[in-house]
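The task is simple: from the sequences and hints, build the whole structure.
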Amino acid sequence: MTRTSVTSILNEPLIFERSAPGKSAYTLPRLDVEDVPVEEILDSKYLRTEVRGFPEVSEVELIRHFTRLSTWNYHIDLGMYPLGSCTMKYNPKLNERVARIPSIALTHPLQEEQQSQGSLEILFRLQECLKELTAMDAVSLQPAGGAQAELIGILMIRAHLTQKGSPRRFVLIPDSAHGTNPASAVLAGYEVISIPSDKKGRIDVKVMAEKMSEEVACLMLTNPNTMGIFETHIEEIAQIVHLKGGLIYMDGANFNALMGYARPGEMGIDVLHLNLHKTFSTPHGGGGPGSGPVVCKEHLAPYLPVPQIEQEGGLYRLNSDKPESVGRVHSFHGNFGMAVRALCYILSCGREGLKELSEMAVLSANYIRRQLEEHYDLPYDTDILHEVVFSDKKQHKNGVTTQDIAKRLIDYGFHPPTTYFPLIVQGALMIEPTESHSKEELDAFIDAMIAISREAEEDPEKILSAPATAKLTRLDEVRAARSAILRWEP
Amino acid sequence: MRYVSITPEEKRLMLKATGVDRVEDLFATIPENLRLSKTLDIPEAASETDILKYFRSLGQKNASAEDFEYFLGAGAYNHFIPTLIDSVISRSEFYTSYTPYQPEVSQGTLQATFEFQTLICQLTGMEVANASLYDGGSALAEGVLMAVRTTRRQKVLVAQSVHPEYRRVLETYAANLDIQLQELPFTESGCVDVEALERLVSEDHAAVVIQSPNFFGVLDDVEQAIGLTQSVGALSVVVVSEAISLGLLKPPGELGADIVVGEGQSLGIPLGFGGPYLGLFASKDKYKRQMPGRLVGQTVDSEGRQGYVLTLATREQHIRRQKATSNICTNQGLCALVATVFMSVLGKQGIRELAEQNLKKAFHLRKLLGDSLVFSGATFNEMVVECSEDPAEINRHLVSEGIIGGLPLGRYFPDRSNQMLVCVTEQNSLEKINRLAEVLTSVKVTR
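These protein sequence lines are chains Y and G, in that order.
Residue 1 is where the first sequence starts when you use the numbering used here, and the numbers rise one by one after that.
Residue 1001 is where the second sequence starts when you use the numbering used here, and the numbers rise one by one after that.
Watch out, some of these pointers could steer you wrong.
[What the hints assert, rightly or not] Computed cross-link-like contacts, DSS-like style, restricted to lysine-lysine with a CA-CA straight-line distance of at most 27 Å:
1. G:K1284 - Y:K131
2. Y:K93 - G:K1011
3. Y:K393 - Y:K199
4. Y:K211 - Y:K164
5. Y:K45 - G:K1348
6. G:K1284 - G:K1348
7. Y:K199 - Y:K397
8. Y:K131 - G:K1061
9. Y:K23 - G:K1348
10. Y:K397 - Y:K439
11. G:K1016 - Y:K439
12. G:K1053 - Y:K200
13. G:K1038 - Y:K297
[Stated by the list, open to error] With the C-beta cut set under 10 Å, the calculated list includes, among others, these residues of chain G facing chain Y:
14. S1047
15. Q1306
16. F1413
The hints are simulated quantities; they were obtained by calculation from the structure and are not laboratory data.
These numbers were taken from a predicted model, which means no experiment stands behind them.
All C-beta atoms in this analysis are idealised placements derived from N, C-alpha and C, irrespective of residue type, glycine included.
Below you can see the structure in the form of structure tokens.
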């Protein structure tokens, strides 16, 4: 073992390479029923000899293995993680503690309602909070992520329009939208019409109006959009779409900008989703689990997934008797554990706190923008809310790209921002600080970005070879895709 | 507000630097008439103490596996959870990081996910596994969509013995894609009706979906079903809802399955009232470019050192948009880590011993139930029992004895309203198994 630094060990092999017969990390209670040989219970045609390849390691080795791996990750508790549109805010520890209370964590989704009143109250109460925050009428907490929520929302629109005569054929989606939007629309059986953005970074209302017809089911928009810009003409947009009998779906990924300031239900939105793993602080967990509640107006409520949680005479119940429902998207009640954390967060913050979060998120983004706008190209000069998108235009002339800037930030101790998204900005650097950081941390990030822009002028080589301080230098992604080694083999 | 770190003085400085007087001014792009004028009808901030008190009081309104002995399975299983799991997943490095889009600073998550993919391949006997999907239900839906994409056929046969909720999720996903779902019946043994399969399956079929152990706990005739499926060029999709069974049972991959989908909750994830769970997805190597979801692959850095990255991303929505293989973005990363730790803790010996304990304890109950069993087929740790009265009534009685009984089958199969699906795991004690058998075989327990 080579010790490469004091606090992290960089050459931990795969768990399989630590394996040796005779090592073990588990104990099981002694079998308390008659020990009938397996072969007397099941015909040998059903049986495997062993799970070939499964590791055999000791408890100490196992803990060291995963601890060593963990030190190779950047994470929010270490520092700023300014990924635009991902809302990497602090994940309060209290949420984790509450979610692990055994009488909350160890209940079965199919046990009788009478034995699940606590769990059902958590879901019901969270639904009420989300309705209030969005000014909408009904909720389902079933979708396990934003993309699944989009599918459900579009299916609800489809069901509603089908009942009115025709499901229609198209969905309008701005070119600045998340990739999940068009993918979800297609999964719901629609064709996508892309709507360009105008010079201000907003939906081009004129083009949108031209494309809107009685063959269009809905417009899917993100507000504020992925540029961090509020769609100021939202009411006009909604009117145009509604006049032709279409509906508005809002991707609520950026809801962290709006809490206590504006409510989608008052802007003409018919249905939207929220991401509990963004706005409501549930941890991203290295890529999930998330949770994507769907929130809608009364006219779409009959189509929400089943079961719906209802309250009747102080008792909560699950109602699956909703004949117009689009069905189910989750085997049970969605990612309940995330709902527990989100409710805990809302109650911890309170109404004033939630508003303050949005304020500080928006202030932090605007502060960064103002400090960096002379150093980085700002493709749209429009006022922003919670995130700002720069481009690499100024650095590009020295051969430094967004990718390089992102990698160099690692050397300054920060996670890179979202890169090359939204697609409407060439070489986009999308920065969303969230409300979580102190002014010192924001200033340090700003200083790092300025230093990199200076390096681009003076010493571009330093940037092109970054990162110099991470576990690895840049990885060969082309090789990964070509050789496609997706598992260990002995 | 303890989740904010900016002091009033710093706020003033930042506002000044930003060129506005008040923070409200930053929201000026929201038209005035759309700005919220009222105070939100949400409580004022609660203290940590009050919050803990509140949630504990809610917990007291639940029955949970802490105080009750569960014989309820049906897709969610009360298994042993090694202490090491929480110790690993409580590390901020794992649970507060994001999707590993920047591989240089995400090697921990990436290597663990590569290990997860490998472990799932080993467990299922398949060649490729992805980094996880949401849960068993959506994994089934994605498996069927992949079969449809691959074969360019639109008909799918789905066994009635596949978990009813998974089938409902599949119906939701397939509803508007011109896919015809047809049901495949089961026989008195509880297995798929192979004769019906032979009769129904044709060259118009993209896939045949079976589950084993199936929803009734019965081990299905997987090999024969796969043979019939592939003889017409359709893909065989095998569902596994109880992953522990694979510690002992011949894996679908060894029997020739094209796609294996399932639920990984049994692999160390708490019952959690149904989620977050873990969608498992594995296939033959030749279909990997049609797979949904994220994949981690091995590569090297610019100095030739081994490392891992997200790969084959041209399948995914953030690159391909409407032409992607799936709309999925967020998966169940941390749950996949749980399963990785679980499988590593148990290891080759432990997974077998755990599976054997489930089988033997369930077999003990099976012997005691004798003639009350509904299906004759072999079972792993679940079985269907004919009751002498409404199973819900029996369950209400069992609660008073500290037992959560099985699932009344009438919920999904109205013609089986007197039947109960019972599950026995290593968590159940001999005493309670005996007591359950006594109650289930007695005439009228509630009088």
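Against the structure, the hints come out as follows:
1. G:K1284 - Y:K131: This hinted pair is violated, its Cα atoms lying about 45 Å apart.
2. Y:K93 - G:K1011: holds, 25 Å
3. Y:K393 - Y:K199: Holds, at roughly 17 Å.
4. Y:K211 - Y:K164: Status holds; Cα separation ~21 Å.
5. Y:K45 - G:K1348: holds, 20 Å
6. G:K1284 - G:K1348: Holds, because 23 Å separates the two Cα atoms, which is no more than 27 Å.
7. Y:K199 - Y:K397: holds, 24 Å
8. Y:K131 - G:K1061: Roughly 24 Å separates the two Cα atoms, so the pair holds.
9. Y:K23 - G:K1348: At roughly 10 Å apart (the allowed maximum being 27 Å), G:K1348 and Y:K23 satisfy the hint.
10. Y:K397 - Y:K439: violated, 32 Å
11. G:K1016 - Y:K439: holds, 13 Å
12. G:K1053 - Y:K200: violated, 49 Å
13. G:K1038 - Y:K297: holds, 20 Å
14. S1047: Interface hint status for G:S1047: holds (9 Å vs cutoff 10 Å).
15. Q1306: G:Q1306 check passes; min Cβ-Cβ to chain Y is 9 Å, inside 10 Å.
16. F1413: violated, 14 Å
Comparing the model with each numbered hint stated earlier shows that hints 1, 10, 12, 16 do not hold.
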